[in-house]
Amino acid sequence: MPVVAKFEITYTQFLDEHGKAQQELPEFAADADEMARMYRFMHLTRVFDRRCINLQRTGQVNTIASSHGHEAAHIGLAAAMRPEDVLAPSYREHGAVIWRGVRMSQLLAVWGGDERGHDWDGARRDFPYCVPIATQCLHAAGAALALKMRGEEACAVAMCGDGATSEGAFYEALNAAGAMKLPVVFWVTNNRYAISMPVEGQTGAETLAQKAIAVGIHGEQVDGNDLIAVRNAAETALRRARSGGGASLVEALSYRLGDHTTADDATRYRPDEEVEQAARRAPLHRMKRFMQERFGWTDEQEEALIGELEAEVEREVEAYLATPKPNIEDIFEHQFANMPAALKAQREIARRYPVPDHG
Amino acid sequence: MANLTLVEAVNQALAWEMAHDDSVVVFGEDVGVNGGVFRATVGLQEKFGAERVFDTPLAEAMIAGLSVGMATQGFKPVPEIQFMGFIYPALDQIISHASRMRNRTRGRLTCPMVLRAPFGTGIRAPEHHSESTEALFAHMPGVRVVIPSSPVRAYGLLLSAIRDPDPVVFLEPKRIYRAFRQEVPDNGEGLPLDKAFVTRPGTDVTLISWGASALENWNAAGELADEGIDCEVVDLATVSPIDKDTILESVSRTGRAVIVHEAAVSGGLGGEVAAILASEGLYSLEAPVIRVGGYDAVPPLARMEYGYIPGVQRIKDAVHECMES
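Taken in sequence, the protein lines are chains B and X. Each residue of the first sequence is one higher than the last, beginning at 1 in my numbering. Each residue of the second sequence is one higher than the last, beginning at 1001 in my numbering.
Simulated from the structure, these hints should not be mistaken for laboratory data. Some hints could be false.
Unchecked claim - Residues of chain B clear of chain X, computed beta-carbon distances all greater than 12 Å: (1) 12; (2) 51; (3) 218; (4) 243.
Said to hold, decoys possible - Each pair of labels, with its calculated beta carbon distance range: (5) 337/B to 1323/X: 37 to 43 Å; (6) 349/B to 1227/X: 17 to 23 Å; (7) 121/B to 1278/X: 49 to 55 Å; (8) 118/B to 1278/X: 39 to 45 Å; (9) 118/B to 1139/X: 29 to 35 Å; (10) 327/B to 1165/X: 45 to 51 Å.
Predicted model only: the values in this text are computed from it and were never measured. Ideal Cβ placement from N, Cα and C applies to all residues, glycine included.
Please construct the entire structure, taking both the sequences and the accompanying hints into account.
Laid out in structure tokens, this is it:
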């Protein structure tokens, strides 16, 4: 019988878990400044993340999603993007959005229950955090269509997790991107868990990357804990999109080292040994080794960097905590461009009632 | 007899029915190993096995559609949608299929399924975790919408919902999942669907609500009693179809009605209750019917959520307005 279709999915890794190069490295990896910049942001993400958990435990922000373990998968992609590209994140990509200019105090506002955080700095046409799983993939496809129709040399990027690949919206976005040849990159950080569900429960497929094949777009898998593999794959996919070569799906293999959110307790559904093992493959470890060996990075530099980042995060935390509370009127202001009379009347009622604090 | 919270009563009802009816299956996101993000299904997989209590891929349309498929073939699926804010991909399956399979096939195929979802504000959650869109479901013919507001009613109503031959959307007010405890006998006795419950008898004004607003209604009624205003408090429980008799009977005695719900007031089910009172109870009314609801705004994030939903003071003010008319 004739074979009418077949496919293969490549897996790319440049650095092994000890930071040793497995193959010839791409050009950017020799750029000490650029590598240091990415490394700095990976640490910033980690420091910020740790502080967020602490703020949640002390009641200063609400439920928050940790990005612990995703530092390479998020920073490597963000670093490959251009400011004019459009990012549609899910809700865990703190490092990526901070890279794109969002202030940490604004992210804290979002997680602290204050909508004003989403009116964020940096890439002003990026989408806000998106909680309904996979729905942002369609927005990225739509944004890509807009960029294509206007002839802009830019592309859209959707970031999601492994769980999202089971949603209809994910398939529909991929399929639209294939059918319309859209300049978009779908970036799946496969961190192995959708809350308690391991990725094996999401699909019978060997890889998530191969879902690209069914819709006629490029698909590949990379080591998502390897900053160099991430950045390289992201650059290639973004170039493909910008140059009219169509959409890509990149599956970055990683591991969620934290709980799903602060409302979750992952010890209920996964063994400690598994987490410990994954922690040994964590992206920061191998980047540190790489930085030491390639660029003579020292422990003193590392210590100084972390101290500097902790101070930077602290300034943002202070800015967040010093932000005056929103007013109840604010909930009416942005429902429509022009507030209908009926809503104005409700705003008058709302003004009469103080908003109780609740803890 | 067990002293249970509302969410524990849900768990107890699921366990009872699974033990007594082999056709009941429970599934959804994180309901198995993890026992549900609110622990509503905790222990069920251990008790009844991973074939009857299982985790699904992350896809709400699939969860609802799978339920329709199973229900038509002799099972009684009790799927969980993790939060009401994520239920919308499932709407197509509910409105296009679950609600009308019986009608489309003239009764040949039916959908005895219960789609459970926590709803409402109050837990300082991220966006999309605070919705109260029960009116969307109430507007679908062929679907019952049931909302418990106490542990006892959670247990009894969920049992009846599972035993009902038609689809039920069972919405659980997560703000009061653990707000208080009640003795809930584990005797397998259901409570009637399509029936409202008078939870506090009174003579001056009828306060009608469902879900977590019951809490504010009781508190308001307590404070108003100190002022000499005797409120009758009614929990609608089944919000579609609405038990007209109970509310009309109550208002025939009190002559006044205030309807309270968390959902946005315009297009909310308070309008449906008010319409029933206007068309069938007009001659009992001594004052205009007043609705107190969430404002017509997107449910705000945590900082403002308690400013959005009707608080005790707003309810008391509405009662005063009603008493003075």
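Each hint, compared with the structure:
1. 12: holds, 26 Å
2. 51: Residue 51/B is indeed farther than 12 Å from all Cβ atoms of chain X, at 18 Å.
3. 218: holds, 24 Å
4. 243: holds, 33 Å
5. 337/B to 1323/X: 37 to 43 Å: This hint holds: roughly 40 Å between Cβ atoms.
6. 349/B to 1227/X: 17 to 23 Å: Holds: the Cβ-Cβ distance is about 22 Å, inside 17 to 23 Å.
7. 121/B to 1278/X: 49 to 55 Å: For residue 121/B and residue 1278/X the Cβ distance comes to about 51 Å; the hint holds.
8. 118/B to 1278/X: 39 to 45 Å: Since residue 118/B and residue 1278/X have Cβ atoms about 41 Å apart, the given range 39 to 45 Å holds.
9. 118/B to 1139/X: 29 to 35 Å: holds, 31 Å
10. 327/B to 1165/X: 45 to 51 Å: Holds - the Cβ-Cβ distance for residue 327/B and residue 1165/X, about 50 Å, lies within 45 to 51 Å.
Consistency note: the structure conflicts with none of the earlier hints.
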